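2 protein chains.
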Amino acid sequence: MSPQSDLLDEVTPELVRRIEETLDEGRPDEVKRLLGGLSAPGQAAVLEQVSEAQRDALVALLRRDLDPEVLTELDEDVRDDVLDQLDSKDIAAAARELETDDAASLLEDLPEAERREVLAELPAADRAEIETALAYPDDSAGRLMQRSLVKVPDNWSVGQVIDHCREAEDLPDDVYDLFVVDAAGRLRGSVPLGRMLRTKRPVPILDIVDPDIPSVPAMADQVEVAHLFRDKNLVSCPVVDPERRLLGVIMVDDVVDVIDEEAEADLLKMGGVGSDDMHANTIRTVRLRALWLAVNLLTAVIASLVIGQFENAIEKIVALAVLMPIVASMGGNAGTQTVTVAVRALAMGELTAANALRFIVKEIAVGGLNGMIFALLMGGAVLLWYHDWRLGAVIGAAMICNLVAAALGGTLIPLGLQKFGVDPAVSSTVFLTTVTDVIGFLAFLGLATVFLL
Amino acid sequence: MSPQSDLLDEVTPELVRRIEETLDEGRPDEVKRLLGGLSAPGQAAVLEQVSEAQRDALVALLRRDLDPEVLTELDEDVRDDVLDQLDSKDIAAAARELETDDAASLLEDLPEAERREVLAELPAADRAEIETALAYPDDSAGRLMQRSLVKVPDNWSVGQVIDHCREAEDLPDDVYDLFVVDAAGRLRGSVPLGRMLRTKRPVPILDIVDPDIPSVPAMADQVEVAHLFRDKNLVSCPVVDPERRLLGVIMVDDVVDVIDEEAEADLLKMGGVGSDDMHANTIRTVRLRALWLAVNLLTAVIASLVIGQFENAIEKIVALAVLMPIVASMGGNAGTQTVTVAVRALAMGELTAANALRFIVKEIAVGGLNGMIFALLMGGAVLLWYHDWRLGAVIGAAMICNLVAAALGGTLIPLGLQKFGVDPAVSSTVFLTTVTDVIGFLAFLGLATVFLL
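Respectively, the protein sequence lines represent chains A and B. Under this note's numbering, the first residue of the first sequence carries the number 43, and numbering increases by one thereafter. Under this note's numbering, the first residue of the second sequence carries the number 43, and numbering increases by one thereafter.
Chain A with its partners taken away, still in its complex shape (with noise of 0.2 Å):
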């Protein structure tokens, strides 16, 4: 992972700072200059890194100055905070200038009664625009697709399309593909446009088009979406309805934020993280993570019931108090180990039905290797520190039974949660933390309970 980036190169701390003193000193000009000289996504990332009172400084600094695009780019929390300080006409401008799907995420946040003021100020077209995407469900193909794209009817010729588009004023620079529509509006298929350059102009556009390009129907989830331009290595894509109409086109940016939102998803859930807060207040941070570790405190009486049974054990012998942090701890983290590989393998695809049973008894094998080396390892150790091997072949046996424990855990558990339908990345390590604290005491304290008492 590398900090260096365009974007970095061009918000530099200092720079965020320079801004933050300026505001401060009251010279709002050369604030607008300062922003003025960032792209859209570098302003973005300056009203995300200073403070909440000199983010709405800067915002009532701006208004209606403040680029549109750069509400697109906008964190979430940001964003709502941003919206907060527009009013209905401000946010009306801003979203007549953006695509259909980024002017329908603008407005999804509003509360109903904001939302329909904004839409009242928009021109009938762009409203009814919108108002379509946001009646598709969130995280949708249809909420994901842009509706500016090209679409030529199947009885035309190339030169017909090149003519049409030559008069096409406001054809976008970003437009890589046609598409070939019958009089019902039925997708046919799709031209390159470096097809159409290379065709005469008589041939009909019938003849060059690819009729089998991949579609997605507007309910799919974005998630199958961002897979289906994965395995296929896509720049676009048409989205089409039940009756195989043309609706609209999503872009391969479009997916790599989705590709992006996924990753962050996964990996803040496995880390007992709800949503990103990082630009959450303090309250709403606190809130939003007291929930995980209210589940994980459970976790942690369970397991403190467990060793409240070998109490008289512990009395009789206190290296077992000392000792039974270490079989737990290394249950735990070998169990995150096999649920990290597990859960990143069945978000991918690539841990099915198939291979289940290969990969359960794999990790076993791998559990149960580890689970020697260790118990060697540690063994011995307790043999040097305690001078007792007895002692040092419990906590050996110990550690075998709760590795293996977490590789059986660790692959049975987001299995399961998966099968039941329940996303493996949010539960598995909770569940996880509880088998190993668990068996790790039980088969410790109980081990010694049975051949040390």
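To be clear, the hints were calculated from the coordinates, so they are not data collected in a lab. These numbers were taken from a predicted model, which means no experiment stands behind them. Watch out, some of these pointers could steer you wrong.
One copy or two, it doesn't matter: identical chains are merged, so the pair holds either way.
[Stated by the list, open to error] Capping the alpha-carbon separation at 35 Å, the derived lysine-lysine pairs in DSBU-like fashion look like this:
#: 1; residue 1: 193; residue 2: 242
#: 2; residue 1: 193; residue 2: 274
#: 3; residue 1: 461; residue 2: 74
Since chain A is already given, all that's left is putting chain B on it; use the hints.
Chain B only, in chain A's frame:
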């Protein structure tokens, strides 16, 4: 996260099982027919999901019939295994059909001698291109780029460019932008195909060129390239040498692979897994994971040494042994939340010197507040459990100490590692657990010694 994708619809567990059975029954033609109906990513998925022995049998069966695209889609461990079975003539035949960047990544992991054999089998032009690609460092823009692009002199007219495209028979379909270079081969800018289509033939190409397009140096790291594509919503990006001479072009689908790789690497590193070992064999997996477990064993032993200092207290109040894992575990979980947010924000360039202090202060506030919440909860529970308000007060105070320590460790450790050029995703959690275990046991047992004995 949804497991449904086009690929998963194509490669169902039933199909994989049917291929395995057909193979076992010795019906090679039927196996070929089943595989032949699949796309390249589909065939790759099958090779990844069958057992190692069956994979070897499949490769032996297919050999030259194996679509070279399949090799580029395979996971690294599986690909190495497949390449082991092909001789240099087979590999050369595959390399010839691939883009330079894919061919280079096919050859990069071969043993030196075999790589030279494969290169010797290739036509001189292909060999030179692949050798040039291999000369760039792994994970650099130079390695990622492909050389097939449309490059036109800056003194041509649009008509000349169109004629040139018509004559170039082998022009790939996935060309979206033309690149304009001066007499010395230096990049002057690019022209989107759509714009050229709309321009009259006599117009000089320089009149419609975008001169300020982003480009990357060939030595740039692929992570920087991915950031650039993200920030500028690019579909392709030219690669230049230090004199700004055009060397090649990077396409967005290769960048999507980079983004996937990086996200996977971060997730796996945070989970204590060095590399995607899902497809590695058991022994290799044991070795990869044992390293990390050994580091964790050290952490656990350090925590035990801390507990060892309080044997006396534990002997007198055995409840301390029962309760102490709760304090340590809550600290570990809260710290992991903070570390996860910090690591992700560092990777995305959202956490910089400009807002680090604000981030640390917020995390300490969050830690303190959650500390108080769980101090009250756990203190109350202990009061009910052991009927000892002093023990409740001690566990509460220790909880607050450890959650604040977790916030400090969770922010300072990744920031410090990043500052010293160490990847924070790899080692943050192990340092953090050391902090939260040591402080957790120290605070709880120390306070108990002072106030309860």
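| Is the C-alpha distance from residue 193 to residue 274 at most 35 Å within one copy, between copies, in both cases, or in neither? | Answer is both; intra-copy 22 Å and inter-copy 26 Å each pass.
| field | 35 Å Cα threshold - placement of residue 74 relative to residue 461 | value | Result: close only across copies, 31 Å inter versus 54 Å intra.
- Query: Given a CA cutoff of 35 Å, do residue 193 and residue 242 count as a within-copy pair, a between-copy pair, both, or neither?
  - Reply: So residue 193 and residue 242 pass the 35 Å test inside a copy (20 Å) and across (22 Å) alike.
Checked against the numbered hints listed earlier, the structure breaks none of them; every hint is satisfied.
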